[in-house]
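Undergrad: Listed below are the residues making up each chain.
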Amino acid sequence: MRIAAAFEQAKAEDRAALGIFITAGDPDLETSKEILMGLPHQGVDFVELGMPFSDPMADGPSIQAASLRALKAGTKLRHVLEMAAEFRAAHPNVPLILMGYYNPIYIYGVDRFLDEAVSAGVDGLIMVDLPPEEDEELCLPARQAGLDFIRLITPTTDDARMPVVLANSSGFVYYVSITGITGTRSASADSIADAMARIRSFSALPAVVGFGIKTPEQVREAAMHADGVVVGSAVVDQLAASLDQDGRASASTVSATLALAKALAEGRHRQA
Amino acid sequence: MNDQTAMNSYRNQPDEEGRFGIHGGRFVAETLMPLILNVEKAWKESLTDQAFLDELNYYRKHYIGRPSALYFAERLTAHFGGAKLYMKRDELNHTGAHKINNVLGQALLAKRMGKTKIIAETGAGQHGVASATACALFDMECEVFMGAEDVERQKPNVDRMRLLGAKVHPVTSGTGTLKDAMNEALRYWVSNAESHFYIIGTAAGPHPYPAMVRDFQSIIGIEAREQILEAEGKLPDALVACIGGGSNALGLFHPFLDDESVAIYGVEAAGKGIETGDHAASLTGGVPGVLHGNRTYLLQDEDGQIKDAYSISAGLDYPGIGPEHAWLHETGRVKYVSATDEGALEYFRLCSRLEGIIPALEPSHALAFIGTMIGDMDKDQVVLMNMCGRGDKDLGAVLPILEKQGLL
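Sequence order for the protein chains is A and B. Quick note: the first sequence uses our numbering, first residue 32, plus one each step. Quick note: the second sequence uses our numbering, first residue 1419, plus one each step.
One or more of the hints may lead you astray.
To be verified - Among the chain B residues that face chain A by a calculated CB cut under 10 Å, a handful are:
no., residue
1, S1464
2, D1598
3, M1600
4, E1602
5, V1608
6, Q1645
7, L1716
Unchecked claim - From the derived model, a few chain B residues whose C-beta atoms are all more than 12 Å from chain A:
no., residue
8, W1461
9, R1605
10, E1644
Treat the hints as calculated values from the structure; they're not laboratory data. Everything numeric in this text was worked out from a predicted model, so none of it was measured. Don't be surprised by glycine CBs; every beta carbon is placed ideally from N, CA and C.
Make the full structure from the sequences, and use the hints.
TA: Have a look at this one:
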């Protein structure tokens, strides 16, 4: 319900909802928790919290590096769930979505993971390596447990495949605006507009754009056409740039990362 | 095939979803799903396309040099003093290993699909060289992803690929090993989805790759079965092959899976010893998980993070194994054992000295296991191993060690 409410509120204010991605535990648990807790105060409407994985095969260099930093700092899946619970206690209404790869969840145990995610107040999941063909693994159990399962639509998803991808998806539809990995290139406003129209012809769910959106201006352009916009790699890059030589948090890590989130949140308003 | 036969056969996997028991599947990003569905469709069509099969057979015969010989290793047999040892000589293939069997099949499939750009990952460089070779032959662009460390260690193969016209991308992400090369190849494919065909080098990855690679490699076992029947008038008592991802082993094993009298052994790389943790034995030392598009046994920690594999043999140095092996392990049809670096080195030298065949380090692992069991077998029994690659590529790694041990 929190996800639907956030999009309704954005719509009522004639703007897009802004989602920010950060990797849990990057560069360490305490710092990433502080950033996570601060995001809603910058105008961020929903949060995608990355669960670090050793082999993030759909991610570009920025988020790969973030994953490795988080793992090096000792981040475990249970820490991510603990962070989620703390976030929920502080921000009862802000949607929180966990994003990552299936193997850590599979090893943790799907039932145990879903129980704990629901208890922690997680709203939805985005699993990069679970296409509809593997819905029985996690998608259907997650839906049963009351979590949204948010699916990625890509430029390679044609009209024949669209209904397959959307069949068991919920929450919102996440349009990957480039054929590529996170944080590399950017899509044109025209192609985003076309894709949004195409998705809306198949689904009543909010349509969100992500991958390759880096600046407040790009957020604004995407916000003209989309119900929501997600920025990930640019935020992770900002965080990385603030680290000291050994890759540890500096005095400016939290403030610099949150400052970018605030600037990006300005872009969700459709007028400058 | 009627249902009864189907239920009793080990040879009718995977199911429609690409599952071998719980293993296999299609665990890939949505960007890739339409592509692998296309690959599956094209592959299935090719199975009954006589023109395609004729072309494949033409290149197998005239380009690869198939059928490869089945050779009775007389001096090794005498040395062991037990069962007769036969070698399937796939190291005599063009490019020096079994990899070309699969690459030619997939390259022809890519051609059939109208793709002119090829992606490949490689560890030791054998699959990269085979891919670069096929791309030269069929006038295709070739992009090879290889761990940065392997690029240094396997310079002769890197040079071969460059000479053949391929572009070699050194991979520094992650830990810069074969698994990272595969991650990077998948990332590149996601980014160039419409134009490129990804030739996976082993019987792993998302469906249909495990089944498709197995089928292209099964020519090894089909030939070996005929050849051993001709040579010995009976089936072998045991098959042995080394396993990294496991494509040479499946190629040999698959046509024999329903022959109950044939014992089958897959030899994983035990590196410095399973107990040290420095090994690449996914079945012996791993648990089921999901990576690179399939569920299979993986070396991983208790939080599901993938561990680095270790073996002196770069071709076995992978933290996973093809999903069909995972299933054959669970059904008990194939016994999975392991051999250490030390064992492989010993037999690398022994096979060179006794047979005049310099084996790659990978099949040296198979020989090392054979050394532990063949002497106890009867003299009228037969062991057939897959000599899946030649050892020239390994001289740089092996010779300093043998010199240090005073064995040269």
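Undergrad: Against this structure, judge whether each hint is valid.
TA: Structure-based check of all given hints:
Restraint check, S1464/B versus chain A: the minimum CB separation of about 22 Å is more than 10 Å; hint violated. For D1598/B, the shortest C-beta to C-beta distance to chain A is roughly 8 Å, which falls under 10 Å, so the interface hint holds. Hint status for M1600/B relative to chain A: holds, with the closest Cβ pair at about 8 Å, below 10 Å. With 10 Å as the threshold, the beta carbon of E1602/B comes within range of chain A, its nearest partner Cβ sitting at about 9 Å, so the hint holds.
The restraint placing V1608/B at the interface with chain A holds, with a minimum CB-CB distance near 6 Å, inside the 10 Å limit. Checking Q1645/B against chain A: minimum C-beta separation of about 40 Å lies over 10 Å; hint violated. The interface hint given for L1716/B is met, as the beta carbon of that residue sits about 8 Å from the closest beta carbon of chain A, less than 10 Å. Taking the minimum C-beta to C-beta distance to chain A, about 16 Å, the non-interface status of W1461/B holds against the 12 Å cut.
Taking the minimum C-beta to C-beta distance to chain A, about 5 Å, the non-interface status of R1605/B is violated against the 12 Å cut. For E1644/B, the shortest C-beta to C-beta distance to chain A comes to about 38 Å, beyond the 12 Å cut-off, and the non-interface label holds.
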